[in-house]
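Peer 1: Spelled out, the chains give:
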Amino acid sequence: VDVALSRNGRRLLRALFAALIVFLYAPIAILLIFSFND
Amino acid sequence: VGGSESRLTLRRLRPRLATPALLGAPTAWLAVFFVVPIVIVGLYSFNVYSLFPGDEGFTTSAWRAFLDGSVYLSLFWKSVKLSLLVSVVVVLLAYPVAYYLALSGTKRKYVLLLLLIAPFLTSYLLRVLAWKVILGNNGVLNSFLAWTGIRSADHPLSQLLYSRFAVMLVLTYVWVPFVALPIFVSLDNLDRRLLEAASDLGASRWQAFLRVTMPLSLPGVVAAFFFVFIPTVGEFVTPSLVGGTSGYMYGNQIADLFSTGFPDWQTGSVLALFLLAVVAALTAVFSRFTQVRQVA
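Protein chains in written order, with my numbering: chain A, 1 to 38; chain B, 1 to 296.
Some clues are possibly wrong.
Covered by chain A, according to a simulated footprint, are these stretches of chain B (three or more residues, beta-carbon under 8 Å) [what the hints assert, rightly or not]: (1) 109-121; (2) 187-201; (3) 255-265.
Here are the computed distance ranges between Cβ atoms for each label pair [to be verified]: (4) A/LEU12 - B/TYR49: 54 to 62 Å; (5) B/ALA65 - A/SER6: 52 to 60 Å; (6) B/ALA18 - A/ILE21: 29 to 37 Å; (7) B/LEU114 - A/ASP38: 28 to 36 Å; (8) B/VAL278 - A/ASP38: 47 to 55 Å; (9) A/ASP38 - B/TYR49: 51 to 59 Å.
Keep in mind that the hints were calculated from the coordinates and are not lab data. Each residue gets a CB set at the ideal place from its N, CA and C atoms; glycine is no exception.
Using the sequences plus the hints, can you model the full thing?
Peer 2: This is how it looks when you write it as structure tokens:
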């Protein structure tokens, strides 16, 4: 038994981590896409 | 005999010379590039010294005007409130992520940590300017709203950019990866057997978190909080790029007082020294919270 995280807690935190990664990389990705704008 | 005596004297002197030799260069560096500029700024604030010839003479008028007046102090408190809010939001965002990386038992935690902090390794200016592309009137967000028909293209959400919201959003974005690090370190160093002991003694996961994990990770949280708060309270790059008039902060005022146009270096020095004093006081508090406690 994991004493730090339940299964649902792990899923929730994984989703939060993924959302934070999107939040962190989206502006850089958008800037990269715009750099090829004609 | 003479040779052995001189070798003995040298051996005795070596430890005495080691400390000044090691500390000399960094101390000189600090004195020249930190203490001397601050002293110059201090002299400026009392109108004792000026780089340009003028009517120098000791006066406390700038200090009195600063402390009596409400404009600069209210701007300072506005910056403090904004920085406090940003710091709290950043810690609240970073803590669960650091918790997941440190305690979920994933084998790829260091890869994921690198993924998290990688944006922090890119240019600060690039990351701030990226948000101008997103939040602007013709930016990504407004274009998306117009494309979906939620908002007319003639009436974009103009309050997204050049606002206090924009400053807070960008500062949060900039500092989250950096803040996750100290929290991750404090959680990663946590002895997992303490959580197992808490569980064996009947504590639920939530109780174990509140009574074991949270108190033990508090130094990391406090360090993370001050890592954000101290630089953001004097921040001027982000507000000048995305803040507009409503996002104008204390750091912008200092920069403006020293820049061309209507420079007032005396008042600027007062504002800078006041900020320095507040930051120094906070650093003292910060070091008290984060000091390493030896376990006997």
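Peer 1: A separate judgement is required for each hint: does it hold in the structure or not?
Peer 2: Each hint, compared with the structure:
no., hint, result
1, 109-121, "holds (count 4)"
2, 187-201, "holds (count 5)"
3, 255-265, "violated (count 0)"
4, A/LEU12 - B/TYR49: 54 to 62 Å, "holds (59 Å)"
5, B/ALA65 - A/SER6: 52 to 60 Å, "holds (59 Å)"
6, B/ALA18 - A/ILE21: 29 to 37 Å, "violated (48 Å)"
7, B/LEU114 - A/ASP38: 28 to 36 Å, "holds (34 Å)"
8, B/VAL278 - A/ASP38: 47 to 55 Å, "holds (49 Å)"
9, A/ASP38 - B/TYR49: 51 to 59 Å, "holds (55 Å)"
Consistency with the previously given hints fails for numbers 3, 6, ordered from lowest to highest.
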